[in-house]
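Note that the protein sequences, when read in sequence, are chains A and B. Going by the working numbering, the first sequence opens with residue 3, and the numbers climb by one from there. Going by the working numbering, the second sequence opens with residue 3, and the numbers climb by one from there.
By construction, these hints were calculated from the structure, which means they are not laboratory data. Keep in mind that this is a model prediction, so the values were computed, not measured. Treat the hints with care, as some may be off.
Copies of one chain are not kept apart here, so a pair can be met inside one copy or by any two copies together.
In silico PhoX-like pairs for lysine-lysine, Cα to Cα no more than 25 Å straight-line [stated by the list, open to error]:
no., residue 1, residue 2
1, Lys307, Lys369
2, Lys102, Lys433
3, Lys369, Lys124
4, Lys307, Lys124
5, Lys226, Lys14
6, Lys14, Lys352
7, Lys124, Lys352
There are 2 protein chains.
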Amino acid sequence: MKLIQIDRMSEKPIRRQIYAQIRDQIVSGEMCGGEPLPSTRQLAAELGAARSTVVEAYDMLLAEGYLLSRQGAQTVVSENLVTGAAIVPIRRDQTDQKQKILADFSTGRPDLFGFPRSQWAKLLSGAVIELPPEQYGYTGPQGYAPLREEIASWLMRGRGLNVSAEDIFITAGATHALRILMDLLCPHGERVILEDPCHSGLYGALLSCGCEIVPAEADDHGLKTDLLTGAEHAKMIYVTPSHQFPLGGILPASRRAALIRYARENDVYIVEDDYDSEFRYTGAPVAPLLSLDAQRVIYVGTFSKTAFPAMRLGFVILPSALQTRWRELRTHHDVQNPPFEQAALCEFLKSRRFDRHIRAMRNRYGKRRQALMEALTNNFGTDWSPCGDAAGLHVTIRFPGRRFGDAFRTRCAEHGIQVVPLEDHSIIKGKHEDELVMGYGHLETEAIESGVRLLAEMIAYEE
Amino acid sequence: MKLIQIDRMSEKPIRRQIYAQIRDQIVSGEMCGGEPLPSTRQLAAELGAARSTVVEAYDMLLAEGYLLSRQGAQTVVSENLVTGAAIVPIRRDQTDQKQKILADFSTGRPDLFGFPRSQWAKLLSGAVIELPPEQYGYTGPQGYAPLREEIASWLMRGRGLNVSAEDIFITAGATHALRILMDLLCPHGERVILEDPCHSGLYGALLSCGCEIVPAEADDHGLKTDLLTGAEHAKMIYVTPSHQFPLGGILPASRRAALIRYARENDVYIVEDDYDSEFRYTGAPVAPLLSLDAQRVIYVGTFSKTAFPAMRLGFVILPSALQTRWRELRTHHDVQNPPFEQAALCEFLKSRRFDRHIRAMRNRYGKRRQALMEALTNNFGTDWSPCGDAAGLHVTIRFPGRRFGDAFRTRCAEHGIQVVPLEDHSIIKGKHEDELVMGYGHLETEAIESGVRLLAEMIAYEE
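Make the full structure from the sequences, and use the hints.
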């Protein structure tokens with residue numbers, strides 16, 4: 003046995019240091035099978051350690067079988083323990099440096115400062131104190147029943163949707179819902195029909211599930227249902243009818259009817275992602291597709307944009323035929339949500355603070371949208387136009403005659419401007435080269451104005 | 003247009019009632035394309051509603067394209083809106099009645115009453131108040147950095163494991179970790195080598211991922227590494243070396259070395275599920291396999307059993323080669339964990355309250371294990387023996403000469419006794435017919451005594 007070195011400053015207990023060094027000598031082959039160990043008294047004296055510490059280290063090695071001990075005989079190293087190479091230490095990842103962002107028009111980001119965090123802190127504290135011990139255990143895959151009741155009630159108030167809490171299943175957000183739905187509907191890489199353009203993150207998530215993606219063209223009024231084909235092996239059509247991402251259109255009634263007909267004829271489920279629908283700046287929120295056929299449409303809702311992203315709470319409304327399998331899959335995926343956020347959100351909805359928050363944010367986001375429009379006019383005159391309807395936290399802007407390609411992307415990166423060409427969200431490229439997707443929900447008016455000015459300067463310099 | 007019926011007691015706003023009834027008449031075909039609508043003034047008078055309410059309802063129908071309106075002309079129904087069937091309402095699931103449980107020896111259930119819930123409430127409240135607004139947004143797939151530091155420090159204190167926080171990835175528990183690892187290592191249904199017996203829930207979860215499962219026999223000392231075969235297309239070996247589930251053995255050093263050699267030779271990753279390893283009643287915790295080869299072993303840890311199940315917090319320690327893909331997959335699966343539990347657990351670990359809780363629970367669970375042993379002796383004499391090592395929240399009991407088959411299961415269900423025959427956790431059946439898996443962690447001493455008595459009475463009656 004080589005000399006054992008003890009580091010008395012280490013957080014690692016001495017018995018563990020002794021244990022680890024002997025074990026390393028055994029598995030690396032420095033100590034051979036059958037080799038006797040010094041007695042615990044002898045080693046303790048050598049190391050200046052308590053004998054009980056050495057006994058503990060030997061006991062661990064005995065318990066794990068590195069050492070053998072027989073009554074009255076010396077303790078020896080077990081046979082056949084060499085792994086054939088030294089122990090491989092854990093290496094480090096390189097962390098990458100971030101470039102300073104001067105203008106940030108990224109999408110999907112609500113205003114975190116607008117959320118009533120102190121109210122939330124009180125609700126969450128209250129929930130923790132009031133939740134009974136049973137709620138700390140496994141409570142099943144469907145989610146906290148009182149929250150499901152409150153969501154049903156909110157859907158009735160806000161959308162006129164008549165849903166039972168029994169058909170609502172809590173998730174950890176919309177992405178999570180989609181991932182489980184993929185396992186539910188497309189376990190063998192079946193086809194998914196997807197709006198084109200669509201969110202690039204969604205496209206990536208579906209691709210990583212191994213499914214075949216059939217793009218279906220969308221225009222300023224959403225999915226072009228007259229062009230729908232490729233349904234032979236399709237199991238799912240994923241749509242954003244309240245506010246097409248990223249073009250922003252509301253799917254008109256004739257297309258809604260055509261979509262339902264198509265789904266019924268081809269036995270395909272419609273997944274309705276109702277993101278952003280709370281934030282419409284003209285007219286009332288649009289009625290979801292779900293209200294047309296609750297056995298054919300799967301409704302996906304999330305609180306990531308209406309409350310805050312890190313809450314990780316969303317829900318699906320499932321046709322009854324899918325509920326048993328969903329329960330199984332959710333259990334296999336990640337069992338259930340934690341209870342505290344659920345109980346806090348329940349109270350947030352019940353007390354109508356959520357409704358007030360939505361109204362306040364709709365007002366704030368509407369003003370920011372207006373500020374963006376004015377800044378674009380101030381900097382680009384009439385050489386631009388917004389796509390789609392006035393809703394949500396972003397808007398797609400068309401700049402006729404321009405082309406936002408790789409050169410533009412490079413220049414943006416160099417100038418610290420974060421803005422996504424719509425082409426990044428296109429499956430079939432080349433149709434939206436003159437459009438930019440601009441997120442504004444998280445930006446103060448001043449940041450919107452200075453950001454648009456920077457963008458305009460960069461574009462002017464380029465020409 | 004048929005008569006519209008307004009329910010003034012409904013929570014559904016009147017404009018939504020008008021909207022929904024007109025829309026239903028349109029999609030069901032009761033109102034045809036081109037059919038003119040009454041003027042808003044006329045309909046308001048008929049219904050005794052404010053004209054602005056009717057205007058709002060019409061505006062919603064116009065926005066969604068159900069109605070057409072031209073300057074100076076009457077508003078009419080749009081063409082081509084019939085979906086071909088009446089609107090399908092949402093149906094109800096049947097909820098099932100639960101049988102009263104008199105003796106509950108189910109596994110995987112910590113003592114929820116032993117967790118210091120009021121301390122937790124304070125920590126969680128503190129976390130909510132102190133977390134900066136950025137933590138309410140998207141913070142990335144790896145998890146709260148201070149928590150990862152504390153976990154690394156805990157692994158050093160508790161297990162002598164030298165791990166960097168940069169290699170730790172927070173998850174929503176062990177099941178969640180496994181689900182993402184399946185997508186990472188076995189995206190095309192590749193082989194997984196699994197201990198037999200193993201947890202039936204784990205087996206179900208892997209099956210639902212569509213992978214091929216190769217059972218590898220385990221005995222009272224864990225996986226029999228000398229029998230390992232079938233590695234040709236295998237990508238993962240899933241093992242429980244600290245406390246084999248359900249047999250309870252600690253994998254001896256010779257098998258550990260053989261397992262590492264096998265994994266290196268066949269280019270297979272080892273997934274080390276280190277559940278329950280905190281609760282050993284003799285000797286120190288066993289050093290994880292990870293310490294032998296951090297680039298070949300993926301370590302899965304969870305706080306579901308040490309803190310409480312609904313916390314939904316666990317972690318994986320990943321070889322550097324897998325970290326980039328893990329980040330992508332986690333983002334596609336469910337984005338990230340919520341921040342509050344993470345911050346609270348961080349403080350729980352940092353203040354060493356977690357260490358004290360573990361010590362207290364180890365003491366409590368050890369006493370319960372002892373009570374179970376005594377109750378078994380009192381009721382079954384010497385006709386039984388425990389398998390494996392004294393650790394964890396359950397123990398497998400061998401009753402030589404008995405056979406726990408379907409008749410036993412039926413009798414248990416009839417008598418309200420919840421206890422799982424080990425055969426339920428076996429992949430290849432017929433080898434463990436005389437064994438029962440008995441969870442005791444969640445049971446008070448009295449419940450253990452009365453439960454074993456009930457079990458013994460039932461078995462005696464059967465004979």
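Right, here's what the structure says about each hint:
no. : hint            : verdict
1   : Lys307 - Lys369 : within (17 Å within a copy, 49 Å between copies)
2   : Lys102 - Lys433 : neither (31 Å within a copy, 63 Å between copies)
3   : Lys369 - Lys124 : neither (29 Å within a copy, 39 Å between copies)
4   : Lys307 - Lys124 : within (21 Å within a copy, 28 Å between copies)
5   : Lys226 - Lys14  : neither (64 Å within a copy, 32 Å between copies)
6   : Lys14 - Lys352  : between (50 Å within a copy, 16 Å between copies)
7   : Lys124 - Lys352 : both (15 Å within a copy, 24 Å between copies)
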